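Q: The lines below spell out each chain.
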Amino acid sequence: MKNRLGRTLNTPLSPPYSESSAHHEIQLHVNDEVVTARVESRLLLTDFLRHRIGLTGTHVGCEQGTCGACTILLDGKAIRSCLMLAVQANGRTIRTVEGLAVSDEKLSSIQKAFHEQHGMQCGFCTPGFLMSLSGLAEQGGPKNDAELDDHLCGNICRCTGYVNIRRAARQAMDLDAVESDE
Amino acid sequence: MKPAPFDYVAAQSVDHALTLLAGEVEAKLIAGGQSLMPLLNMRLGRTDLLIDIGHLEELNHIRIDEEGRLVIGASVTQADVQNHPDVLAGWPMLAAGIGEIGHPQIRNRGTICGSLAHNDPAAELPAIAMALDAVAEIHSVNGTRTVPVEDLFIGPFMTALAEDELLKQVVFPPQQEGAGWSFKEFATRPGDFATVGVAAQIALLGENVSDVKIVVFGVAGSALRLDATEASILGRPAERAIDIAVSELEMEIKPAEDIHSSHLFRKELAVELLKESIAEALERCL
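Sequence lines, in order, name chains A and B. For any residue, its number in my numbering is found by taking its place in the first sequence, counting from 1, and adding 143. For any residue, its number in my numbering is found by taking its place in the second sequence, counting from 1, and adding 115.
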């Protein structure tokens, strides 16, 4: 018996480890829709979202968890989709930046704040920031600037447009009444 | 980059994972994947089989056992521990230290046991687990063994875990009543790996130090328990503890030089962080 790397195996293995464990049937919820697919084991969730189901709003930066461009919501929590395999999302609920607005014309309150405060320069990092903040909002929002900044620190903006991003985030998280330590 | 090809199995149970681990195929366990996935993506590491235990409910427990110990299973995320009321009440250093790991988006997936099994020399959790005298419960098809975490960490990214073993849970004993604690680290940017960090816990009897644990990380291949520095201040007056500890520390550690920092800067950081953490721990003593 050979495995799919062409390496000879000494002993036959019992299922589910077999030739077929290189590919997997998965079913998950993405932006309130059921998605089924057959994926290779090593397919990253980012690449599944972008290339397999066409949701290119999730961006790919560093692929090592540092930059935050690929941040999505997994069961309501902000996570790095580059550090998760598509097969690991089987049975889970995912929200991407495409799923933030309730209709084509409406923006979520966080998107609206970024629009009003011009919380972007080139826009590459924007989906990641929006998803990190959406995760924070789902957990009840930040109590203060420190907690907000802790979340913002998880996303990198290489245009260094942080002032407007922070302004937008504070507006969206209702921290405007609190005095800013900007 | 993308990972080299591997096979993947979502384990149905711990026993299933152990059976796969004991097989002929070279396998790695994955739970949160926040250390392993970057290695696979950058092809610094590769494996033939990835065994996923992150979804297993039998590993998803944070509980206090009958002896008052905190027991954390292998699929429990850092975020869950950081915000757990029992942890905040009984093991505040653990909660505070987790707050320094990466970013919230990382802690939502990263696990406690995964960080211990990975043993990055700059990671917070190995140092905290050592300072809190935690014990690792390790399983394999051949049985179970418990190992003090101090003996688990044998070098950079190396542990005493055998290839067929799984770190099923980590157990933190109840901490001494009235002891003060401190966790401090220096990182170039918030959320970066620390250049140097210190975890300290001190108890007083009257004016004298009656119990002390100090662990530094970032200055050696693994988190380092400062035996000599601890011994130098044990039984000594609290008001002299910082001066005595600093002169002992300068002899006890020999940090290496790397791209992030010179050995002199590391030593200076360790001294400053030690001063600050002893002062803070003493302030927190009841």
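No wet-lab data here; the hints were simulated from the structure. Heads up, a few of these hints could be off.
To be verified - Pairwise CB distance ranges (calculated):
| id | chain 1 | residue 1 | chain 2 | residue 2 | range |
| --- | --- | --- | --- | --- | --- |
| 1 | B | A119 | A | E176 | 25 to 35 Å |
| 2 | B | E139 | A | K286 | 32 to 42 Å |
| 3 | A | Q170 | B | A346 | 50 to 60 Å |
| 4 | A | R181 | B | G336 | 36 to 46 Å |
Predicted model, so just to flag it, every value in this text is computed and none were measured. No residue lacks a Cβ here, since even glycine has one placed at the ideal position from N, Cα and C.
Q: Which of the numbered hints are not met once you compare them with the structure shown?
A: 2
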